[in-house]
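Enquirer: Each chain is listed here by its residues.
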Amino acid sequence: DVKVTQSSRYLVKRTGEKVFLECVQDMDHENMFWYRQDPGLGLRLIYFSYDVKMKEKGDIPEGYSVSREKKERFSLILESASTNQTSMYLCASSRDSSREQYFGPGTRLTVT
Amino acid sequence: GENVEQHPSTLSVQEGDSAVIKCTYSDSASNYFPWYKQELGKRPQLIIDIRSNVGEKKDQRIAVTLNKTAKHFSLHITETQPEDSAVYFCAATYTGGFKTIFGAGTRLFVKA
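Protein chains in written order, with the numbering used here: chain A, 1 to 112; chain S, 113 to 224.
Here chain A stands alone, though its shape is the one from the complex:
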């Protein structure tokens, strides 16, 4: 059974803080993804990674960066949090692009 876990379910940060969101998967998947989910906008891709130390920008990368030092772990970094980054953040992994993505439980981030 695939497990994707995220470091926090709820997080409250102040404007300007550096924020780290961590995601870990236990199925040796090559691909990992970070999405943000906002009402009426669906799931929007922030960044994805298809291998260790490899990363690609998604549709909304501005204000975010990522790190993948180990295959099982993919981190999302908000360099300087802003209120418009208040959202639900979902991590996902997949064995390859032609297979389903397995999602983590999500982190609801509030920036005040």
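Since the hints were derived computationally from the structure, they do not count as laboratory data. Do not rely on the hints blindly, as some may be mistaken.
Among the chain A residues that face chain S by a calculated CB cut under 10 Å, a handful are [what the hints assert, rightly or not]:
#: 1; residue: E56
#: 2; residue: I77
#: 3; residue: S80
Negatives, chain A to chain S, calculated, CB over 10 Å [as the list claims (entries may be wrong)]:
#: 4; residue: R14
#: 5; residue: V24
#: 6; residue: E69
#: 7; residue: E79
#: 8; residue: S82
#: 9; residue: S98
#: 10; residue: E100
Even for Gly, the Cβ is constructed at its ideal location relative to N, Cα and C.
Following the hints, complete the assembly by docking chain S onto the known chain A.
Expert: Relative to the frame of chain A, chain S by itself:
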């Protein structure tokens, strides 16, 4: 850029009725089309998927159809039950790449 449009945004049906959700994609190279169900407070989970070499796929009460020429695909749920109430996301992936583009989601209400 690539886009997936999903309609309707909200759908309310009576228990036992059928529900249909429609999606249109823009990238003609897309060849993998998953559907995810997200119950309230939970992570999205795959319920059915279809590949571009298939026109229709069925799994119990759920079916998906694909029209490659028109770049349309649809989810059909028959004999709806209250536990079908959730948000449903369609998606399109070009499996030669890595990105999956999600629709904005359809909130389905099944009234008992």
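Enquirer: Minimum Cβ separation between E69 (chain A) and chain S greater than 10 Å?
Expert: 19 Å, holds
Enquirer: Hint check: is the beta carbon of E56 (chain A) less than 10 Å from a beta carbon of chain S?
Expert: At about 7 Å, which falls below the 10 Å cut-off, the nearest Cβ of chain S leaves the hint on E56 (chain A) intact, so it holds.
Enquirer: Quick check for students: does the CB of S98 (chain A) sit more than 10 Å from each CB in chain S?
Expert: Since the minimum Cβ distance to chain S is about 4 Å, S98 (chain A) lies within 10 Å and the statement is violated.
Enquirer: For R14 (chain A), which was marked as not at the interface, is the minimum beta-carbon distance to chain S over 10 Å?
Expert: The assertion about R14 (chain A) holds, with a minimum of 26 Å to chain S.
Enquirer: Take a quick look at V24 (chain A) and tell me if its Cβ sits farther than 10 Å from every Cβ on chain S, holds or violated.
Expert: Check passes; 14 Å lies beyond 10 Å.
Enquirer: Holds or violated: is there a CB of chain S closer than 10 Å to the CB of I77 (chain A)?
Expert: 20 Å, violated
Enquirer: The hint names S80 (chain A) as touching chain S; please verify it with the least Cβ-Cβ distance against 10 Å.
Expert: Constraint on S80 (chain A) not satisfied, violated at 26 Å.
Enquirer: Verify this label for me: S82 (chain A) is non-interface relative to chain S, using a Cβ-Cβ cutoff of 10 Å.
Expert: The assertion about S82 (chain A) holds, with a minimum of 23 Å to chain S.
Enquirer: Confirm or reject: E100 (chain A) is not an interface residue toward chain S, with every Cβ-Cβ distance exceeding 10 Å.
Expert: Not fine: 4 Å to the nearest Cβ puts E100 (chain A) too close to chain S.
Enquirer: For E79 (chain A), is the shortest CB-to-CB distance to chain S above 10 Å, so the non-interface label stands?
Expert: 23 Å, holds
The structure is inconsistent with the numbered hints 2, 3, 9, 10, although it conforms to all the rest.
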